[in-house]
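As a plain string of letters, each chain reads:
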Amino acid sequence: MSSSSHQQASHRRSAATLAWRQYRLERKLFWRNPSAAFFNLMLPLLLLLLFGAVFAGNKKYVDVIVPGIAGMGVMASTFSALAFNLTFLREQGVLKRVRGTPMPPASYLSGLLANAVTNAVIQITVVILVARFGFGVGWPKNWIELGIFLAVGVTTFGALGVAFSHAIPNFDAAPAYVNAIFLPVIFISGVFYDTQTAPAFLKEIAQILPLTHLIDGLSAAMVSGKAVSTQLGSLAVLLAWGAVGGVLAVRGFSWDERGN
Amino acid sequence: MPSVSSSDTAIEVIDLHKSYGETEAVSGLSFEVRRGEVFGLLGPNGAGKTTTVEILEGYRSRTSGTVTVLGLDPEGRPRDLRERVGIVLQNSALYANLTVREALSHFASLYPAPRNVDETIALVGLEGKEDGRSRTLSGGQRRRLDLALALIGDPDLVFLDEPTTGFDPQARRAAWETIRSLRALGTTIVLTTHYLDEAQELADRVAIIKDGRVVAEGTPQDIGGATAHQARVSWTDEYGAKQEIETDMPTKLLHEITGTALAAGRELTSLKVSRPSLEDIYLDLTMEEPGDE
Numbered sequence: 010m011s012s013s014s015h016q017q018a019s020h021r022r023s024a025a026t027l028a029w030r031q032y033r034l035e036r037k038l039f040w041r042n043p044s045a046a047f048f049n050l051m052l053p054l055l056l057l058l059l060f061g062a063v064f065a066g067n068k069k070y071v072d073v074i075v076p077g078i079a080g081m082g083v084m085a086s087t088f089s090a091l092a093f094n095l096t097f098l099r100e101q102g103v104l105k106r107v108r109g110t111p112m113p114p115a116s117y118l119s120g121l122l123a124n125a126v127t128n129a130v131i132q133i134t135v136v137i138l139v140a141r142f143g144f145g146v147g148w149p150k151n152w153i154e155l156g157i158f159l160a161v162g163v164t165t166f167g168a169l170g171v172a173f174s175h176a177i178p179n180f181d182a183a184p185a186y187v188n189a190i191f192l193p194v195i196f197i198s199g200v201f202y203d204t205q206t207a208p209a210f211l212k213e214i215a216q217i218l219p220l221t222h223l224i225d226g227l228s229a230a231m232v233s234g235k236a237v238s239t240q241l242g243s244l245a246v247l248l249a250w251g252a253v254g255g256v257l258a259v260r261g262f263s264w265d266e267r268g269n
Numbered sequence: 015m016p017s018v019s020s021s022d023t024a025i026e027v028i029d030l031h032k033s034y035g036e037t038e039a040v041s042g043l044s045f046e047v048r049r050g051e052v053f054g055l056l057g058p059n060g061a062g063k064t065t066t067v068e069i070l071e072g073y074r075s076r077t078s079g080t081v082t083v084l085g086l087d088p089e090g091r092p093r094d095l096r097e098r099v100g101i102v103l104q105n106s107a108l109y110a111n112l113t114v115r116e117a118l119s120h121f122a123s124l125y126p127a128p129r130n131v132d133e134t135i136a137l138v139g140l141e142g143k144e145d146g147r148s149r150t151l152s153g154g155q156r157r158r159l160d161l162a163l164a165l166i167g168d169p170d171l172v173f174l175d176e177p178t179t180g181f182d183p184q185a186r187r188a189a190w191e192t193i194r195s196l197r198a199l200g201t202t203i204v205l206t207t208h209y210l211d212e213a214q215e216l217a218d219r220v221a222i223i224k225d226g227r228v229v230a231e232g233t234p235q236d237i238g239g240a241t242a243h244q245a246r247v248s249w250t251d252e253y254g255a256k257q258e259i260e261t262d263m264p265t266k267l268l269h270e271i272t273g274t275a276l277a278a279g280r281e282l283t284s285l286k287v288s289r290p291s292l293e294d295i296y297l298d299l300t301m302e303e304p305g306d307e
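Chains as they are written, first to last, in this note's numbering: chain A, 10 to 269; chain C, 15 to 307.
Keep in mind that a hint or two might mislead.
Derived DEER-like restraints, expressed as beta-carbon distance ranges [unchecked claim]:
1) A185/A / T77/C: 31 to 39 Å
2) S44/C / A252/A: 25 to 33 Å
3) A110/C / A209/A: 47 to 55 Å
Don't read these hints as lab results, they were simulated from the structure.
In this text, all values refer to a predicted model and were calculated from it rather than measured experimentally.
Backbone N, C-alpha and C define an ideal beta-carbon position, used for all residues, glycine too.
Based on the sequences and whatever the hints tell you, model everything.
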């Protein structure tokens with residue numbers, strides 16, 4: 010077995026290959042945990058169907074709820090899922106184990122992030138299809154704009170999710186911590202109603218939150234067809250949140266269980 | 015790949031210090047592990063064992079001192095080193111929804127020259143469980159999978175942290191066999207354990223750590239110095255009192271005692287010659303001052 014040490018460099022896989030392998034593994038694991046897969050993919054769909062059914066025929070409302078649920082799906086599959094999963098992986102010692110292998114940390118985290126992004130894309134796709142065929146909403150007006158806001162949205166909420174996982178003390182506390190952020194944010198950011206009709210103080214808070222701006226962007230891309238150039242303010246707010254999240258995500262990252 | 019170290023040394027630790035704020039967990043620790051040996055690291059909880067091992071594994075940085083593992087400094091976790099070191103962690107979780115074979119295949123792909131998956135499964139004794147998901151394994155089987163994951167990269171050096179904690183006696187024997195087979199394959203093994211019989215069975219050499227320092231280092235047979243290994247001759251005398259004498263020359267002493275007893279026509283009940291076990295020496299070295307723990 011000592012001969013193995015003489016042939017290492019030649020068989021070493023690239024960081025990109027290892028990231029791809031990690032991504033494939035995460036996809037496999039995602040589908041092997043059916044309850045998680047169900048909630049991840051079906052919750053937005055369920056909400057869309059419920060609200061859509063209640064307000065069927067009210068085109069104005071359906072136009073609000075479709076981008077709203079799409080934005081919520083992005084946040085759930087990136088921010089909530091990553092905050093949740095990283096807390097679990099850290100507590101279970103999976104992160105520590107990975108760190109003891111030759112896997113480059115960047116490859117590992119890329120695999121995890123790409124997995125979350127895939128779920129976000131699946132959710133948006135489901136929302137678009139249900140809106141189109143279930144409620145007669147048209148196809149998104151501006152696919153490029155949709156792509157831009159989706160890309161910026163998953164990056165921002167992914168970074169915030171990783172950063173937020175540092176604040177969660179242990180896995181038992183994770184659902185409470187995640188929901189304490191997620192539920193108020195989806196409410197205030199206007200997932201279920203038009204923020205223009207909200208009381209002034211909520212409207213002001215909403216203007217600070219990234220999800221409001223993601224929904225505005227998605228709404229422009231999917232419903233109104235307003236050009237990207239009219240949404241630069243929203244993009245700027247999202248990117249600012251993403252930058253803060255990115256710095257905090259990297260700074261606070263811990264591979265080991267808390268208390269060590 | 016240049017030969018990293020031509021010497022026989024796998025690990026060299028010189029005057030290692032590690033402080034957490036005011037507290038010094040490791041204070042001037044030195045020892046050496048030779049290539050191909052099983053090295054036992056013993057000591058009470060809080061002695062600095064885990065800190066030391068985690069510095070060797072690259073999980074922690076040190077405050078000062080020199081540490082060389084397979085010719086490299088583990089701080090900063092160089093990939094060259096991670097490719098050649100296997101780590102068995104305590105309580106480390108596996109991917110519950112992967113099968114044994116899938117987990118091993120995935121981890122194998124991280125190494126440049128991994129061990130064959132089936133060979134590894136056989137080495138740890140998980141035959142027949144290859145296609146079972148990790149969540150269906152028993153506690154002992156999970157520990158074996160932990161071990162298999164540490165061995166899949168075909169490492170030159172393996173860190174085993176409490177490898178048999180919670181095992182029943184049979185599983186323990188099986189784990190010992192695995193460790194012996196690894197040693198036979200030329201793998202260097204650093205074994206941390208609470209079980210002194212385990213160290214005595216498996217280790218070529220041991221170091222006993224107390225208060226962040228090595229208080230004794232040597233083979234399980236010689237550790238603690240010659241006086242620690244003096245033979246003890248004990249018997250019950252004609253008045254029913256227990257007698258015990260420590261000696262370097264048990265043959266001579268026995269001859270004298272039995273000669274006297276024979277001449278007087280007495281029987282020496284409970285006559286016994288014993289040598290202290292590693293456990294006796296360990297307790298002696300680590301619990302000198304009562305209430306010190």
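Each hint, compared with the structure:
no. : hint                        : in the structure
1   : A185/A / T77/C: 31 to 39 Å  : holds, 38 Å
2   : S44/C / A252/A: 25 to 33 Å  : violated, 47 Å
3   : A110/C / A209/A: 47 to 55 Å : holds, 49 Å
In this structure, only the earlier hint numbered 2 is contradicted, and the remaining ones agree with it.
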